[in-house]
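One letter stands for each residue in the lines below.
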Amino acid sequence: MKVKSFFNIDLSIFFSMLGLMTIGVLFIYSSGITSSGVQMSNEYIYQIVWISSGLILYFFVMFFDYLVIRKWSFYIYLIFIFILILTLIFGREVHGSRSWLGFLGFGIQPSEFAKIATILFLSDYLVRKKKSIRNLSTFFTAMVIAFLPVVFIIAQPDMGTSLVYIPVFLIIAVMAGVKKRYVLFLLFSGLLMIFLGMLPAWQKYISREEIGFIKILITDDLFIILVSSAAIVGVLSLIGYFFTRRYYFYWIMYSFFLLLTGLLGSLGVRSFLKEYQIMRLIVFLDPSVDPRGTGWNIIQSRIAVGSGGLMGKGFLAGTQSHYRFLPEQSTDFIFSIISEEWGFIGSVTIIVLFCIILVRGLILINNAKDSYGHLIGSGIVMMIFFHVIINIGMAIGIMPITGIPLLFVSYGGSSLWTALISVALIQNIYLRRYRY
Amino acid sequence: MNKDSTIKLKIYLFAGMVIIISIFYIFYLYDLQIRKSPEYQSRARNLALRINTLPAQRGEIFDRNRDNPLVINVDSFAVNIIPAETDPETLETVIDELAEILNISTESIKSKIPDNYRNQYYPIEIKSGVSLSVINRIAENIEKFKGVTWNSKPIRSYLEPGSIAHVLGYVGDITTEEFQVLYNKGYNINSVVGKSGIEKYYDQTLRGKDGIHYKTVDVQGRKIQNVQVDDLLPENGKDLVLTIDRHIQKLAEEALGERMGSAVVLKPSTGEILALVSYPWYNPNDFYDDDRGRIYRELALDNRHPFLNRTIQSVYEPASTFKVVMTTANLEEDLFPVDKAILCEGSIWFGDREFHCHVPEGHGWLILHEALEQSCNVYYYTLGLKYLGIDIISDYARRFGYGSYTGIDLPGEIPGLVPTPEWKERVFNTKWVGGDTVNTSIGQGFINVTPVQMADMMAMIVNKGVIYKPHILKEIRDSVTGELVEEIVPEIIHTSTIHQDTFNTMQQYLRGVITDGTAKVVITTKAVDIAGKTGTGEVGLEDSWNAWFVAYGPFDADPEDQIVVVTMVEAVNEWEWWAIRAANIIFQGIFAGETYDEAIDSLRWGWLRNKRKPQ
Chain R
0 MKVKSFFNID LSIFFSMLGL MTIGVLFIYS SGITSSGVQM SNEYIYQIVW
50 ISSGLILYFF VMFFDYLVIR KWSFYIYLIF IFILILTLIF GREVHGSRSW
100 LGFLGFGIQP SEFAKIATIL FLSDYLVRKK KSIRNLSTFF TAMVIAFLPV
150 VFIIAQPDMG TSLVYIPVFL IIAVMAGVKK RYVLFLLFSG LLMIFLGMLP
200 AWQKYISREE IGFIKILITD DLFIILVSSA AIVGVLSLIG YFFTRRYYFY
250 WIMYSFFLLL TGLLGSLGVR SFLKEYQIMR LIVFLDPSVD PRGTGWNIIQ
300 SRIAVGSGGL MGKGFLAGTQ SHYRFLPEQS TDFIFSIISE EWGFIGSVTI
350 IVLFCIILVR GLILINNAKD SYGHLIGSGI VMMIFFHVII NIGMAIGIMP
400 ITGIPLLFVS YGGSSLWTAL ISVALIQNIY LRRYRY
Chain Y
0 MNKDSTIKLK IYLFAGMVII ISIFYIFYLY DLQIRKSPEY QSRARNLALR
50 INTLPAQRGE IFDRNRDNPL VINVDSFAVN IIPAETDPET LETVIDELAE
100 ILNISTESIK SKIPDNYRNQ YYPIEIKSGV SLSVINRIAE NIEKFKGVTW
150 NSKPIRSYLE PGSIAHVLGY VGDITTEEFQ VLYNKGYNIN SVVGKSGIEK
200 YYDQTLRGKD GIHYKTVDVQ GRKIQNVQVD DLLPENGKDL VLTIDRHIQK
250 LAEEALGERM GSAVVLKPST GEILALVSYP WYNPNDFYDD DRGRIYRELA
300 LDNRHPFLNR TIQSVYEPAS TFKVVMTTAN LEEDLFPVDK AILCEGSIWF
350 GDREFHCHVP EGHGWLILHE ALEQSCNVYY YTLGLKYLGI DIISDYARRF
400 GYGSYTGIDL PGEIPGLVPT PEWKERVFNT KWVGGDTVNT SIGQGFINVT
450 PVQMADMMAM IVNKGVIYKP HILKEIRDSV TGELVEEIVP EIIHTSTIHQ
500 DTFNTMQQYL RGVITDGTAK VVITTKAVDI AGKTGTGEVG LEDSWNAWFV
550 AYGPFDADPE DQIVVVTMVE AVNEWEWWAI RAANIIFQGI FAGETYDEAI
600 DSLRWGWLRN KRKPQ
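In order, the protein sequences belong to chains R and Y. Position one of the first sequence corresponds to residue 0 (numbering that gives the first Met the number 0), numbered consecutively onward. Position one of the second sequence corresponds to residue 0 (numbering that gives the first Met the number 0), numbered consecutively onward.
Just so you know, these hints were derived from the structure itself, not from any lab. For each residue, glycine too, the CB sits at the ideal point set by N, CA and C. Some hints here could point you the wrong way.
Pairs of lysine-lysine residues, derived as DSSO-like cross-links and limited to a Cα-Cα distance of at most 27 Å, are as follows [to be verified]:
1) Y:K468 with R:K214
2) R:K70 with Y:K7
3) Y:K145 with Y:K194
4) Y:K7 with R:K129
5) R:K178 with R:K128
6) Y:K463 with Y:K339
7) R:K368 with R:K214
8) Y:K9 with R:K130
9) R:K128 with Y:K145
10) R:K368 with Y:K7
11) Y:K9 with R:K129
Listed next, the stretches of chain R that the computed footprint assigns to chain Y, with coverage defined by at least 3 CB atoms under 8 Å from CB atoms of chain Y [unchecked claim]:
12) 168-176
13) 353-360
Input sequences plus hints: build the corresponding full structure.
Following this line, the structure appears as C-alpha cells:
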C-alpha cells in the first residue's frame with residue numbers, strides 16, 4: 000500500500016476524533032484542578048502521551064489490509080483470551096477489580112483491547128459460516144466466541160466492559176444474517192434475567208412490601224417447582240413438536256425455554272452480582288434510596304450537568320467538579336464536567352462529533368466490498384455508540400452507573416488506544432473500498 | 000432482494016437508530032441544561048457547603064437559694080462508627096470488641112449500621128454517655144478500631160436525685176415524632192431534648208442555639224480543608240433558677256415518706272412553688288446507665304406509675320376539703336343562716352337513698368362553723384341539696400380554680416372536673432339527680448381536682464380573692480455571667496368578687512378546724528399557728544381512704560409570709576391518716592428551720608423515725 004493513500008482517509012472522521020481528544024485533554028486538565036486552583040494531577044500530560052503514541056498505532060493499523068488482519072484474527076483472539084486469564088491471576092487490583100496488567104511500567108487493561116479482538120474473530124467466523132448462517136449451531140458457536148472473554152472480564156469483576164459485548168454480538172449477528180428469533184431469544188432472556196434478578200432487591204429497597212410473586216423467586220422450594228414446571232412444559236412441547244411438527248408446539252417451547260433461561264439466569268444475576276452492583280441499579284431506579292452513597296453520584300452528576308446552562312460556567316470554573324463532588328471525573332464522569340463548564344453548547348458539540356464518527360463510519364463501511372468489512376465495521380460502530388450512550392446517559396441520570404469510559408475523551412490509555420484502533424479499522428476498510 | 004442490499008439496508012437502519020437516539024439525548028440535555036437549569040444552579044450552590052452543628056452547652060438549673068446547682072453537665076463521650084472507613088474484613092471483630100468495651104450487645108451495634116450505610120462517611124452514634132476511661136481504652140488500640148471515632152457529648156447529672164425528678168424531668172435523644180413537631184425550631188435529628196418536667200417545658204431556653212461549622216465536602220462527604228467559611232458560634236443555653244427550695248423539697252419528700260401521694264408547698268402571695276413532691280419518683284441519672292433500656296421499661300410498666308407527677312397529672316375527689324368551698328358559698332350567698340343548726344343523726348335519707356356521716360352515731364345539732372370543724376356530712380348534704388343547689392356549688396368550685404388548668408409551667412397538667420347538670424346530660428345522657436348534688440356537696444362523686452389546684456383553692460382564701468399562677472421558674476440567668484435575664488412576674492389567674500368579710504370569716508373557721516376540729520389531735524406543731532381542712536375520700540376500700548390535708552400558716556401573718564401546704568396520701572397505702580401528720584412535720588420543719596429528723600424530734604414523734612414506710 001502506498002504512503003500517499005494515507006491522505007485519502009476520511010478527514011471528517013479524523014478531525015472529529017482529534018476534536019474529541021483535544022476536548023478530552025482540556026477537561027482532564029480541568030478535572031485535576033481543585034477549587035483553589037491547584038493542579039493536583041498530571042493525568043493530562045499522560046493523556047497527551049497516550050494520544051501521540053495512539054496516533055502512531057492508528058496509522059500502523061491502517062497500514063495492514065484488514066483482510067490480512069482477518070487471517071490473524073483467530074490468533075489475536077486466542078492471545079487475548081490468554082492475556083485475560085493472565086490478568087485474572089497476575090493483575091493489579093484497582094478500585095476492587097483485577098483488570099490491570101503491568102506492562103513496562105504502564106498499566107494496561109486487556110479487557111479493552113479484547114473487544115476488538117472479539118469483533119475481528121467473531122466476524123471472521125460468521126463470514127466463514129455464511130452457508131449455515133441460519134443454523135442454531137452456528138449461532139451457538141458465535142455466542143461462545145463472543146461471551147468467552149466476558150466470563151473472564153466478569154470475573155475481574157468489570158461489569159461495564161462486559162456489558163459492551165452484548166450489543167456488539169447482537170449487531171454482528173444481525174448483520175451476518177442469523178435467524179431473528181435466535182437474536183430475540185437472547186435479547187428477551189437477557190432482559191428477563193435482569194428483570195427477575197432485580198425484583199428481590201427492588202422489593203427490599205424500593206417497594207418495601209411483601210409481594211407474592213417475588214416470594215416465589217426467593218423461596219428455594221417454590222423456585223425449584225417453578226423452574227421444573229417451565230422445563231417440563233418446554234421438553235413436552237419439544238417432544239410434541241418432534242412428533243407432530245406443529246408450529247404451535249415450537250412457539251410454546253420457545254416461550255417456556257425463554258422463561259426457563261430467564262429464571263435460571265436471574266439466579267445467576269443475584270448470586271453473581273455484588274451488593275454494590277445491585278445497589279447501582281436500584282439507585283438508578285430511585286436515587287433517593289441511598290442519597291449519601293451510590294445515589295449521590297447520580298444526583299451530583301445531574302446537578303453538575305443541569306447547572307451548566309446554555310453556555311456553561313466557563314472553562315475551569317465549574318463548582319461541582321472542583322469541589323470534588325463528582326467521582327472519577329477524568330474517566331467515567333468527564334461528560335459532567337464538560338457540560339458544567341461548557342454548558343449545552345459543549346454537550347451538543349460532543350454528541351455531534353460522535354455522530355459524525357458513527358454515521359460517517361456507517362456510510363463508509365457500506366461501501367466495503369466484502370461482508371467481513373460490513374461486520375467488523377458495524378461491530379465497531381456499535382461498540383463506540385454503546386460507550387457513548389451509556390456514559391452520557393449515566394452522567395445525565397438516564398442510564399445506570401456502570402463505569403464505562405467516554406471513548407476518545409476520558410482519561411486512560413487502554414480505552415483511548417482501543418478507540419483509535421477501532422476508528423483506524425474503519426478507515427482501513429474505507430481505504431480499500433476499490434479493491435476487486 | 001439480494002444479500003448485499005439486505006446488509007446495506009440494515010446498515011442504514013443502524014445509522015438511523017444512531018441519529019434518533021442522539022437526537023433524543025440532545026433533547027434531554029436541552030431539558031436538563033436549559034429548561035431546568037435555574038433549579039439545578041441553585042442546588043449546586045446549596046450543596047457545595049455542608050454544615051456541622053457545634054452543640055450549645057445546655058443551661059444548668061438551680062433552686063431558689065442559687066448556691067448549689069440541681070442539674071449540671073458532665074463531660075462524657077459518644078462513640079461513633081464511620082461505616083465507609085471501616086475495613087469490611089475486620090468489621091466483625093471490631094464490632095465484637097467494641098461491644099465488649101462498651102458493654103453493649105453486638106446486635107445493637109449491627110442494627111445501627113445496616114448494609115446500605117456501608118459506604119457512607121457519616122459518623123453513626125453507637126453509644127453515648129461513655130466515660131473517658133473507656134475512650135482511653137479505644138484510643139490506645141485505635142489501629143485495631145478502624146473507622147471508630149468519638150466526640151464530646153455532655154450528659155446531664157442530677158445532683159440531688161429524689162422527688163425533685165418530677166420537677167426537673169430528664170432529657171434524651173430526640174425521637175422521630177418529636178423531631179417532626181419541633182422541626183424548624185433549631186432542632187436536628189441528633190438533638191438532645193427535654194422529655195419531661197422543667198427540662199421539657201423550658202427546653203428552648205435551656206438548650207441555647209447550636210452553632211454551625213461550615214465545611215466543604217467532596218463527593219463522598221469527606222471534608223475539604225482549603226475552603227474556609229467562618230463558623231457561627233453556638234449560643235449557650237440559659238441557667239434557670241427555680242422557685243423550689245431544695246431544703247423544703249427534701250423535708251416534704253421525707254415527711255411524705257414512701258407513700259403513694261403528693262405534697263405541695265406554695266407561696267400564695269406570688270404563686271411560687273416551694274416544694275412539689277410526688278411519690279414514687281425515678282432517678283433520671285439511671286437513664287445514662289448501660290442498662291437504661293431495662294430500667295426505663297420497668298419504670299414504665301410499674302403499676303405505681305413512677306413517671307406520673309401526681310401533683311398535676313392525677314385527679315382525686317376533694318372529699319371533705321370541698322366543704323371549704325361550700326362554706327364560702329353559703330357565707331357569701333347567705334342562703335342558710337350561719338347560726339342556724341342542723342341535726343346530724345349519723346345519716347339522712349333523700350328520696351330512697353340513705354347518706355351516711357362519718358360518725359355513725361351522729362354529730363347532733365351543728366351550726367355552720369361547727370359543721371366545718373367536725374366535717375359533718377349530714378350538714379353539708381342538707382346545705383347543698385336544700386339551700387345552695389348544684390348551680391351555685393359548681394359556680395363556686397370554678398371560682399376557686401377547679402375544673403380549669405392552673406397554667407403551671409410543667410408539661411402534662413390536667414384540669415380536673417367540676418360537674419354540672421348539662422355536663423352529666425352530655426356525657427352520660429342521664430339527668431342530674433338530687434343524689435348527685437348530695438355527693439358533690441361533700442366533694443365526692445364526679446368532682447375531681449389535682450393537688451396543685453387544691454393548693455390554689457387555699458391560696459384564694461389566704462389572698463382573699465386572688466389566685467396567682469403557680470409556677471416553678473423564678474429567674475432566667477446568663478450561664479456565663481450569672482446576669483439576670485428575666486425574672487418571672489407573678490400573674491393572677493383568678494380574681495373573685497367574693498367579699499373580704501367572707502374570707503376573713505373563712506380564715507377564722509379554718510383555724511377552728513385545727514384548734515377544735517378534726518385536725519386537733521394531730522397538728523401538734525408549736526412552731527406556727529395554722530389553719531386548714533382535712534379530707535377523707537371514699538374510694539371503695541373497706542379500711543383505707545384517700546387522705547387530704549390542705550392548710551396555710553402562719554394563721555395571723557401577712558400574706559407575703561404565709562405558705563400553703565397540701566398533702567395527699569392515696570388510699571392504696573395502709574391507713575394511718577398520714578396526710579395531716581406529713582403536713583404537721585412540714586410546717587414544723589419550715590417554721591422552725593428544721594430538717595425532717597429534727598422536726599420529728601421537736602414534735603416528740605421520734606417513734607415515727609422508722610415509719611418512713613407505711614407499716
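Consistency of the hints with the structure:
A hinted pair counts as satisfied when its Cα atoms are at most 27 Å apart, and Y:K468 with R:K214 does not qualify at roughly 62 Å. Between the alpha carbons of R:K70 and Y:K7 the distance comes to roughly 24 Å, so the proposed pair stays at or under 27 Å and holds. For the proposed pair Y:K145 and Y:K194, the alpha carbon gap of about 35 Å is over 27 Å, so the pair is violated. Between Y:K7 and R:K129 the CA atoms are separated by roughly 17 Å; this keeps the pair inside 27 Å, and the hint holds.
Using a Cα cut-off of 27 Å, the hinted pair R:K178 and R:K128 holds, with the two alpha carbons roughly 13 Å apart. With a C-alpha separation of about 25 Å, the suggested pairing of Y:K463 with Y:K339 holds against the 27 Å cut-off. Between R:K368 and R:K214 the CA atoms are separated by roughly 55 Å; this puts the pair beyond 27 Å, and the hint is violated. For the hint linking Y:K9 to R:K130, the alpha-carbon distance of about 19 Å falls within 27 Å, and the restraint holds.
With a CA separation close to 59 Å, the supplied pair R:K128 and Y:K145 exceeds the 27 Å bound. This hinted pair checks out: R:K368 and Y:K7 have alpha carbons roughly 11 Å apart, not beyond 27 Å. Pair hint Y:K9 plus R:K129 holds up; C-alpha atoms about 17 Å apart against a cutoff of 27 Å. Check on the stretch 168-176 of chain R: 4 of its residues sit with their Cβ under 8 Å from a Cβ of chain Y, so the three-residue criterion for coverage holds.
Residues of the stretch 353-360 of chain R with a Cβ under 8 Å from some Cβ of chain Y number 4, which satisfies the need for three, so the listed coverage holds.
The structure fails to meet hints 1, 3, 7, 9 from the earlier list, while all remaining hints are met.
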